[in-house]
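**Student:** One-letter residues, chain by chain:
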Amino acid sequence: MTQQETTDLFNQIVKDYSERLYWHVRDMVGSHDDANDLLQEIFIKIWTALPSFRGDAQLFTWAHRIATNETLNFLRKQKVRAALSFEKISNAQDRIADDPYFNGGAAEQLLVKALNKLPAKQRAVFSMRYYDDMKYEDIAQIMHSSVGSLKASYHIAYQKIKAELKNNTIDF
Amino acid sequence: MNKRPYTTPDGYFDFLQMRLSQIPEQQQVQEIPQVRVSRWAKITPYFALVACFAIAIVAGRFILDKTVSQPEEDYVTLEQLYSADLIPYTSQYALFDESYYEDDYSYEITEDDIINYLINTNVPLSYIGQTLYQ
Numbered sequence: 000m001t002q003q004e005t006t007d008l009f010n011q012i013v014k015d016y017s018e019r020l021y022w023h024v025r026d027m028v029g030s031h032d033d034a035n036d037l038l039q040e041i042f043i044k045i046w047t048a049l050p051s052f053r054g055d056a057q058l059f060t061w062a063h064r065i066a067t068n069e070t071l072n073f074l075r076k077q078k079v080r081a082a083l084s085f086e087k088i089s090n091a092q093d094r095i096a097d098d099p100y101f102n103g104g105a106a107e108q109l110l111v112k113a114l115n116k117l118p119a120k121q122r123a124v125f126s127m128r129y130y131d132d133m134k135y136e137d138i139a140q141i142m143h144s145s146v147g148s149l150k151a152s153y154h155i156a157y158q159k160i161k162a163e164l165k166n167n168t169i170d171f
Numbered sequence: 000m001n002k003r004p005y006t007t008p009d010g011y012f013d014f015l016q017m018r019l020s021q022i023p024e025q026q027q028v029q030e031i032p033q034v035r036v037s038r039w040a041k042i043t044p045y046f047a048l049v050a051c052f053a054i055a056i057v058a059g060r061f062i063l064d065k066t067v068s069q070p071e072e073d074y075v076t077l078e079q080l081y082s083a084d085l086i087p088y089t090s091q092y093a094l095f096d097e098s099y100y101e102d103d104y105s106y107e108i109t110e111d112d113i114i115n116y117l118i119n120t121n122v123p124l125s126y127i128g129q130t131l132y133q
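Chains as they are written, first to last, in numbering that gives the first Met the number 0: chain C, 0 to 171; chain F, 0 to 133.
Chain F on its own, in the form it takes in the complex (with noise of 0.2 angstroms):
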């Protein structure tokens, strides 16, 4: 220590020392506390988040069927619109000869074809009756 062209101020290393040996007190005030956090604490706000999302989808679907649901006679218009293409399609004769159809007497279209059609075209058999046996 004698090379070195430094003093200190008087008593400085006996002041040091206690103030060093006060770190340990210090040192323990100041640590936080731990708590112990148990599992279950640990992931129940998870469970609360999927039960949030669970209820707004319930809550969402609820809202839909009671705003935009429709009357069931609008289902028998929809499957008639999606079997309309089904509906035979005039012959290609027929669009040049006004004739092409008189001679043939099957063109007639009888109640049974109207049935016909209807059942192929997936028309309810409740429906049916009530339109042609009213």
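One chain only, chain C, in its complex shape (with noise of 0.2 angstroms):
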């Protein structure tokens, strides 16, 4: 692949792919700074290692797997730095009421409470398969994982979520 078509194939990402990438890390870190931050690191990554992309998968696929991982990485490191700092990360709800780009009520809030509660990777699966409706053969792929084990993820983060608005008395 000359630089030329390196270039070509890296704008097309940018503008094929950036809004829904930008929606899955979202999801996941919660807060539009982060993500903001995180996906400017992702497609730094995703420009180093497109002359590797041997096009045996998606190159959507590909670029998600991407995303997934250094968000998996940057949630790592976060969960690492607060226990060595002996600061709790900050709950879930303040951040939310702080934050001026969340535009849900009451129960988008404990949703997204119940949701940060979940494991990370199990948190990965369920927002890909919850709002944005992937199959779960294309999670496979990004998450590197067999479609039962992640029908069990998503059953069990389901059933999480829902003893937890069940608490809080909202249906789900």
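Simulated from the structure, these hints should not be mistaken for lab results.
From the three backbone atoms N, C-alpha and C, an ideal C-beta is built for every residue, glycine too.
Honestly, I wouldn't trust all of these hints.
Calculated pairs, DSSO-like style, for lysine-lysine (alpha carbon to alpha carbon, straight line, at most 30 angstroms) [as the list claims (entries may be wrong)]: (1) Lys165/C / Lys78/C; (2) Lys78/C / Lys2/F; (3) Lys161/C / Lys134/C; (4) Lys76/C / Lys2/F.
Which bits of chain C does chain F cover? Going by a derived footprint, with three or more residues having C-beta under 8 angstroms, they are [unchecked claim]: (5) 11–25; (6) 35–47; (7) 100–106.
With the hints as a guide, dock the two chains, each given alone in a separate frame, to form the complex.
**Tutor:** Here it is as structure tokens:
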């Protein structure tokens, strides 16, 4: 792939997928600022890895996989940093209340709070399935997992969220 | 996207696409130009290191030779010391019987005995000649 071809392909990914990838990252990290910063890092990774893209996966699946891995790394680092500095990661509900780019009501606040209680991988599976209506087969390619285990993961996440909302008397 | 309770700043995605499109240019500027290093340039430091060791060894040997060398006569003394244990020991009978050698005429040490002894003890012939026939 020549330099010009790589640049053209990169611009195509930006044009076609940047918005979808933004929402995928935003679902996982919650905050707009974090998602914005992380997206820059993700696209730098995509640009760096693009010459080695062999085309054996769909471009969107490949880009999505990079975005998912980077976001999971970000969440892991955030958790470790908080543990090392003996600080509690700020409560999801507090963050949502302060977020100027959150337009949901009380029910949505509780849903986001319940989502944030899930392990990062479960949250990724749930948001891809629930918000993006992605097929399990596509999610399996992104997460390097089997359809069966993803179905189980989604089901567990669904039950946890349902139980959380039930505690707050909201039907899901 | 309609299920999401999130929004973004106005015109965010246009701004985002513009910003992300600049990544190739930014990354190309940041790339450090690769300097081609020849194989000879890679191994030169090792040669220099070996040369340094060789010079140190030669110089050390030279200094040792100059400072710790011994005069040649000493070697003779050393050779004599090395062969000192070749001197025949006294017969055990002679220790208790003083008359042991009295009847033994062969006990007398002749010049030939001395020469043989010196030759046997590796004393250089030039040294023997100098000592005996001066």
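**Student:** All hints are to be evaluated individually against the structure, with a verdict given for each.
**Tutor:** Now for the hints, and whether the structure bears them out:
no., hint, verdict
1, Lys165/C / Lys78/C, "27 angstroms, holds"
2, Lys78/C / Lys2/F, "27 angstroms, holds"
3, Lys161/C / Lys134/C, "22 angstroms, holds"
4, Lys76/C / Lys2/F, "28 angstroms, holds"
5, 11–25, "holds (count 7)"
6, 35–47, "holds (count 7)"
7, 100–106, "holds (count 5)"
When the structure is compared with the earlier hints, no violation turns up for any of them.
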